[in-house]
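Residue numbers (the numbering used here), protein chains in the order written: chain A, 8 to 286; chain B, 8 to 286; chain C, 8 to 286; chain D, 8 to 286; chain E, 8 to 286; chain F, 8 to 286.
Wrong hints could be hidden among the right ones.
Identical chains blur together in the list; that is why a pair holds if it fits in one copy or across any two.
To be verified - Pairs of lysine-lysine residues, derived as BS3-like cross-links and limited to a Cα-Cα distance of at most 30 Å, are as follows: (1) 285 - 73; (2) 18 - 276; (3) 276 - 171; (4) 56 - 276; (5) 276 - 73; (6) 56 - 18.
Hints were generated in silico from the structure; no laboratory data involved.
Okay, here's what each chain looks like letter by letter:
Protein chains: 6
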Amino acid sequence: MFTPAPEYSGKFVTSSLASNGVLLVELCRAPVNAFHQPMWEELHAIFGKIDLNGDIRAVILASSLKLFSAGLDITAQNLFVAPDPSRRALHLRNHILQFQAAISSIERCRQPVIGAVHGIAYGLSIDILAACDIRFAASSTSFAIKEVDVGLAADIGTLARLPKATGNSSLARELAMTARTFGPDEALRLGFISQVVQGGREEVLAKAVATADLIASKSPIAVVGTKHIMLHSRDHSVQENLDYTATWNQVMLQSTDLRDAFQAFLAKKPVRFGGLGKL
Amino acid sequence: MFTPAPEYSGKFVTSSLASNGVLLVELCRAPVNAFHQPMWEELHAIFGKIDLNGDIRAVILASSLKLFSAGLDITAQNLFVAPDPSRRALHLRNHILQFQAAISSIERCRQPVIGAVHGIAYGLSIDILAACDIRFAASSTSFAIKEVDVGLAADIGTLARLPKATGNSSLARELAMTARTFGPDEALRLGFISQVVQGGREEVLAKAVATADLIASKSPIAVVGTKHIMLHSRDHSVQENLDYTATWNQVMLQSTDLRDAFQAFLAKKPVRFGGLGKL
Amino acid sequence: MFTPAPEYSGKFVTSSLASNGVLLVELCRAPVNAFHQPMWEELHAIFGKIDLNGDIRAVILASSLKLFSAGLDITAQNLFVAPDPSRRALHLRNHILQFQAAISSIERCRQPVIGAVHGIAYGLSIDILAACDIRFAASSTSFAIKEVDVGLAADIGTLARLPKATGNSSLARELAMTARTFGPDEALRLGFISQVVQGGREEVLAKAVATADLIASKSPIAVVGTKHIMLHSRDHSVQENLDYTATWNQVMLQSTDLRDAFQAFLAKKPVRFGGLGKL
Amino acid sequence: MFTPAPEYSGKFVTSSLASNGVLLVELCRAPVNAFHQPMWEELHAIFGKIDLNGDIRAVILASSLKLFSAGLDITAQNLFVAPDPSRRALHLRNHILQFQAAISSIERCRQPVIGAVHGIAYGLSIDILAACDIRFAASSTSFAIKEVDVGLAADIGTLARLPKATGNSSLARELAMTARTFGPDEALRLGFISQVVQGGREEVLAKAVATADLIASKSPIAVVGTKHIMLHSRDHSVQENLDYTATWNQVMLQSTDLRDAFQAFLAKKPVRFGGLGKL
Amino acid sequence: MFTPAPEYSGKFVTSSLASNGVLLVELCRAPVNAFHQPMWEELHAIFGKIDLNGDIRAVILASSLKLFSAGLDITAQNLFVAPDPSRRALHLRNHILQFQAAISSIERCRQPVIGAVHGIAYGLSIDILAACDIRFAASSTSFAIKEVDVGLAADIGTLARLPKATGNSSLARELAMTARTFGPDEALRLGFISQVVQGGREEVLAKAVATADLIASKSPIAVVGTKHIMLHSRDHSVQENLDYTATWNQVMLQSTDLRDAFQAFLAKKPVRFGGLGKL
Amino acid sequence: MFTPAPEYSGKFVTSSLASNGVLLVELCRAPVNAFHQPMWEELHAIFGKIDLNGDIRAVILASSLKLFSAGLDITAQNLFVAPDPSRRALHLRNHILQFQAAISSIERCRQPVIGAVHGIAYGLSIDILAACDIRFAASSTSFAIKEVDVGLAADIGTLARLPKATGNSSLARELAMTARTFGPDEALRLGFISQVVQGGREEVLAKAVATADLIASKSPIAVVGTKHIMLHSRDHSVQENLDYTATWNQVMLQSTDLRDAFQAFLAKKPVRFGGLGKL
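Using the sequences plus the hints, can you model the full thing?
So this is what it looks like as structure tokens:
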């Protein structure tokens, strides 16, 4: 149905154009999208390329399998040999930082990314979803912050992003400390997702595409700026963010989009905004 | 019904004393409270004066029209002429900073400000409401973060304050990136308002006045300190805030209010707290 | 039913082992757990000791009386005599900082602390609960942020922690500025508690013990790290936290827990994690 | 000798154009430039206006009397009457914040400000000089951080800015804690001034004018940006500042100044940069 | 010569009153003041007590032996036994934090502390001196940041405080990375000390006592506030510090010291300030 | 004389092993090391590789030509075509961020980097040197922060790093705002370099190699940690840095280097530390 986008596809992740300006990126490592290093490196490379293509205006991250992801592929962990715990630590730290950078590429990509999730979403799935801007879950979804079950504190983004993205610290810590599963209704109550979509993969994808289409019809200067400023806002004080926003908009208000939108508004006509081209 | 307060009234904003110590400030630029520069400058001046009157103990910000506000008056935008984008940027930046300062005066005003909203609350309305301390919405209210529709990222406070004031980042970003309307129930689920008040302007005002009256009956040293410390808390770490609070309260615990309240509590009598006078 | 734990018990706070690795700490100053300095000093000492006992894996903080706590014992306030307000301020500041440190010891204790609350939870109760990791409330609970009623802004942690732990700033400020009571359903809507437990003290304790047991069965390296990183995350930007987490996990991934969990997972067997011993 | 600039002159501060684009602002309240509220309010107003005049490219702050300033006029202090120390504190805080804002206007003014000092520079003089960008001192100058002698910690900027502007914390604290005088050589060793100028008022003014002329000949987009970014750098981490600088320069590199300078460089011709006009 | 002060003396550190309000604290663990845990715990306890005695107005930290300190006593290091590097890390971290807290007690002590150094000052000596407010060195002194020679990065404060207290990052890093010795002239050029005092222990102590006497004659409200605000300034932005200072001085300007100093100034009489008493 | 290191060499930058563990990286784009994009991309790649080779223990950055660098090659600037200033800004921002990342790779490289400079060091040279850890200058060197001469504020690191690395803000701003040249003596007074080396390229290189050799003989765990913690310290508060250092050293104290150094110290024997291997 969608147009394949080979430039953004690899062995474990495949992409297609869902509509004009909307790219659907799907995890596709059968049977359960278990992540090993080649898979997250591929994801990293793809989001790095998306960031530089200003004609992609919104991105959907989903899975082409019967579930989103079972998390880390623990059968494929790296072994580091080093003469002492200190030297081993330097290796491990490099490894963690690269893994984090791969998942953070979703957040660093300038376009909005909508996570559309169904089936199982465990462990690394939460790190990945937390790096998306908007999250929709099919009513079939089962979530879990699995890391304490395998003897580690989640270090790829869940503990960093989830509490800031949600509104119930008690529930967030309970879920992270117990590793118990939770459904989309509890995810909604936590404030993790925008909406529960009745159904499964098909239904949640339809919702995501509709939202992405709407976003893609807006001024890309405005949308890209909104993501950029909201990320800045999360990590800075209100006054810092206001100052930064003034510095950002001192040039972004000089776009043709603003002028075109004002003229269209006054003429009561629709407006079409040009893309951002190659960045 | 309420006593006019001409000292806090102008051409586009009008104020009245709703009860002892409670000031009602109403937007009144017909037909839709569209904001142009003279209007936000007036609002700025009024909140600057409120801040210095310690006998006003709580403020309600509402609209005297059939809606809260349609947002920015885009028919009245400034034009900046400059020889290059850099020089033009310096002008635009000044303009944005002044506009931000006008809306931030609601937050900087030391007394609590309750936003009471009904009808339409679009665009700049959200920036304004986000700068209030407490928000009530009539069940008739329709909200929208309209800025991406006119080609810009909201820069007067919505993107800075809304995510910190609410509990669902996914929903906040969705609303900011799609500009779609949302009702008071969704606003409540987002965590943006305290409560949905069944009805329209009259009902939501009644709720706001009752809450403001309650606040005005408390120790003003305590209330002003609570707002001050909660604003500090939003923008600092817990430990920073605890240290700051100790420094704040090292003198604020020396008020007569504390002594009077303790004595009244032990005597099981009501207590009346004196105002703060001219600041 | 539970085994007394005299090492963690005093005159106003008493502890028992609810199960292997789960310590129940209960406030027990009749009639209403009103806090005076000896009581919070005792609490401080107990949590300081818990922190260093790595064989305690989860803590429950509750009350053995018919309510959680009525708050500060205002009949027992210190009097400071000093020749001028500045010198008096230095005394008061010391006092506040010590009181804050006592309540912050709950948060600084490395193990997760579950607040289990029933009956009345006023004033200082909220400061205490906000310093817990997870909160459950019996359906019988009545909460209030009482401080403005006694002439002061809450300075022992409520204003610092509550807004960051919850998802509705409007409601949080309303509650702090009006001192009105609110029930567990509103607390849940605020995002303050994980869940409302139907019933009273017995039922909420049962829920807390079940959750604590679950946590105590997980890798203590993982659980302790999860609390540590989530506290860091609350007070730092996402990027700061990711960097810090990499530095934390560069050694925490070298535990036997991780190896044991992976092997157990692959062998489809259960795993038992060793404690942390004396720290 | 210099052209009077009445727009930037008042009763206690007088200004003149030292050359094209260089404004000399001089303190002139005989006999010792003791600061009372009308004087610092006048200074505030003048620097507020300078900031908005983009044709002023560099500012010199000096004194027309035989010394720079003896500091605060303690014969003219405000008296605040309030019923208790807490209410009195709210008044005092407002007063301090306004006083700080007056002196910070020197720093907030977008053009570089050169402090040129001779004779006595005590107390508030240091707060003022610390808010300048560049400092030259005549060899005749005597400095002192006088505040502890009058029973207060310097609160108008010395303690905030001096340690960050200099390179010997031990000496800075010694001077602030002893209030002893120090000469220009020690000021140079502290890192407080760029250079000691042999002579008195005339000689130090000549040096300041020569430096200001040089600055005024450079691209104003570049100079204004350099001040802006260096102030940001002082108060942020290196990475924060690099990010901010990229956002600033994304438009400032679009000026005609850059193009003109490149062309002039390649043609080996001098370049003249246009002013910034009214901001 | 000086009056012994047994309350502030122990086995490895001994104190005496050098003059009214000036406490001399001397390291005295022969032969080289090598620090083991009992010694830094004793130092910690002594500075904790000094902080609470408002009649001590200035402190000198020196050595009664022929050198300041050779640094850590590496013959007395703790051994931690733990089943894996992660558990061992938790032990080590506790140990480091306690050691840091001991040395930080010098900085946390509210009175100014003058480090007076002679002979050898290696390793931990630099951590200790960096936690002092003011530093004088005898011309006989030999410094070294020794830690890289024993296989570790300095973790008790040198790397945290030294670069912020000095003015040449290149030299600071060179010294920390090479562990080479440097003399007082290079320390002065680095910005680490206020002054080189010709001579040895006796001469540098005389200089320190004279400075401490001068500080002790000033308003203690002003001196204590100056230290407090300068420490805050080091770790915050200028604007943060200005805001904090206003909040600090809103009560500290209400002291009798300010009134007495103003009256004495106007009457051209000397002023004597009262102590702060027990804090 | 030195062994060529082709793995770290390219067209514009060439490397050699100066001694065991010491890599000399030299700029070599005749005639004046003017930087264009291929040159800084090459530098970026080389420092990225150095970071991962734990057998390189210290790096020297110098020039093989008769001067260090004349700065940016302004004959080779990119042209960006875009329909409006906003879209053009997005392009420019990407460009600046990549350029910054290239120069920051010097700082991010975990080993110490010594800048050894002679001849002319203008413009980008200062950005590069500021990213080094240690700086030595030949007495022949002429420095200038040239950017305002070409119409821009320095955005590749000078304004971000130089003020934090030096100890005279007045002089730093004067140099950045006037673009005037300054010699090594003034650079030393500014606090920018460790030492002036009499002579030219040969002499300054000899000094750098001697220092690098000394560093390379120390524990690499200690040296790498010292750089890491000092960079962290620059950008964080003292308390943040102390906490971070404890977390870093909780594993780094588990190295064999510490044990070996202690044993060697007690046995009064020299110690040789093993490298870090491939990271």
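Q: Mind listing which of the numbered hints don't hold for this structure, in increasing order?
A: The structure breaks hints 1, 2, 3 and 4; every other hint is satisfied.
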